[in-house]
Amino acid sequence: MRLKIHTYSVLLLTTMFLTACNKKLDLRPETSLDKDKALSGEANLRLATSGNYSLLKDDNYIATFFHLIESATDNVEATSVFDPGGTRQFAAYSFDHNPTMFNTINLYSKAYGLIRAANNVIQAIPEDANPVLLQLKGENLFMRAFAYQSLVKIFGRPYVQDNGNRPGVVIVDKSGPTLERPAKRQTVKEVYDFMIADLLKAEALMTIDNNNAFASKYAAQAMLSSVYLNMGNNAKAIEYADKLILATSRFNLTQGDAYKSYFSTNHSTDKETIFCIKNLDGTGGGFFYFNQSYTVEKFAAVSKPFWDLLNEGNGDLRKNFYKALKTSNGDTWNFTTKYVQNPALNTTEKVSSPPIYRLAEMYLNRAEANAKLGKDQLAIDDVNVIRKRAGLTGTDLYAVGNLRGRSTVLQVVLEERRIEFAFEGGIRRDDLWRNNLPMIRNYAKQGIPGSNLTVQPTDLRVVYFLPLTETNGVTNSLEQNP
1 MRLKIHTYSV LLLTTMFLTA CNKKLDLRPE TSLDKDKALS GEANLRLATS GNYSLLKDDN
61 YIATFFHLIE SATDNVEATS VFDPGGTRQF AAYSFDHNPT MFNTINLYSK AYGLIRAANN
121 VIQAIPEDAN PVLLQLKGEN LFMRAFAYQS LVKIFGRPYV QDNGNRPGVV IVDKSGPTLE
181 RPAKRQTVKE VYDFMIADLL KAEALMTIDN NNAFASKYAA QAMLSSVYLN MGNNAKAIEY
241 ADKLILATSR FNLTQGDAYK SYFSTNHSTD KETIFCIKNL DGTGGGFFYF NQSYTVEKFA
301 AVSKPFWDLL NEGNGDLRKN FYKALKTSNG DTWNFTTKYV QNPALNTTEK VSSPPIYRLA
361 EMYLNRAEAN AKLGKDQLAI DDVNVIRKRA GLTGTDLYAV GNLRGRSTVL QVVLEERRIE
421 FAFEGGIRRD DLWRNNLPMI RNYAKQGIPG SNLTVQPTDL RVVYFLPLTE TNGVTNSLEQ
481 NP
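Under full-length UniProt numbering, the letters of the sequence shown match residues 1 to 482, in that order.
A couple of the hints might just be wrong.
Cross-link-like lysine to any residue pairs, in silico, SDA-like; alpha carbons within 25 Å at most [unchecked claim]:
hint : residue 1 : residue 2
1    : K243      : D381
2    : K338      : S268
3    : K304      : G391
4    : K338      : Y53
Think of the hints as simulated: they come from the structure by calculation, not from any bench.
Full structure from sequences and hints, please.
And the structure:
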């Protein structure tokens, strides 16, 4: 067992038991509409769906998910033992997990709150409703699938391990005033099958194309491509990536100066973004732990191996997404600027509207899948599309007969994915575990736990503990991760 209950957790644990007291877990979301009452009418269903988008972008959900999944990669290096979020990041970075971590508790409760709220809308809309209502149903199916994806990534083993037949999370597909603590977790495979069913239905129902801040058939297709890639279903990953890449009237890669400033926009209308979390109201501050805007101390810097890889290319535009800054002890580190303010807002840098799916990911999903299917030229072609967009030419491009010192085409693809998607929602973490590769941090900083370790994809620490309240109940306790 890797279970460790630290002294600092005692107070939190006591509080949790005083409030929960091993009773049923109430994951009731707080929105502008009481969904315990029957939902009817387009206005109420729109209001409920708007409330669900608010749950999706809640810092304690989406930003926490980013922290948990991105801090556990080899792109990140902690600059000090100071953690601006308490246990928010450092336990994830150091792989020193415990079942009373408030960020995993937050993620678990907020994700199930979103699931319950989505269930209310899904059940309220009949299959023969008009297209506007079916669109809302599809959007909620997408949000429910997204919530399950975040849960199974955090608390379930990678799908490719034992073909998904390890414990995943609990599937709840019915609405109700509370969620009773069930007695059994579904398998990772069952959760993936549930997500796919939701997404396929959502793709069919969503016939209205709003801006990128709303779920659409395109968002469902993007998520399907990524889900299938994580499952090892390469043909399906390509099929759904193609749907987005070939939708040229709707999507294209941002180029040149516009790409250099891509992450300073809210992404709701640009042509590269497929789906984003839109924040325009001074919220979205939880993402700032990764960038330079935390003024007391700067915690999550760019690792040297990643920085060296990024700087191999001559004039790579992606270097514009990073900035060198000094920490309080006078050391200079590079920090990402992917979570900066929208320049149109006269607010602090805390505001961020991160892209969740964008077209570049579809190109590199397709590249990885083709590399695994032995279609090397197709994989290299897609990698070079992304490199050319980044301003790279000549010898900085790849050829099947010239992999620039890399041993395989798959290595080429994975390194390009690392450069393109660093700090964006844990893509690097998925890439490592899916391909049975270790997370190696060989860039030690003296006295910083987690800065010099290797975590194998089969390591127990790959997944987080379920919240203690879910495993320590008098009845219906869930199986804890070992």
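Verification of the hints:
For a cut-off of 25 Å, the pair hint linking K243 to D381 stands: about 18 Å separates their Cα positions. Between K338 and S268, the direct Cα distance comes to roughly 16 Å. Compliance with the 25 Å bound is thereby established for this hinted pair. Distance check on the hinted pair: K304 and G391 sit about 22 Å apart at the alpha-carbon level, within 25 Å; holds. At most 25 Å may separate the alpha-carbon atoms for a hinted pair to count; K338 and Y53 meet this at roughly 22 Å.
The structure is consistent with each of the numbered hints, conforming to all of them.
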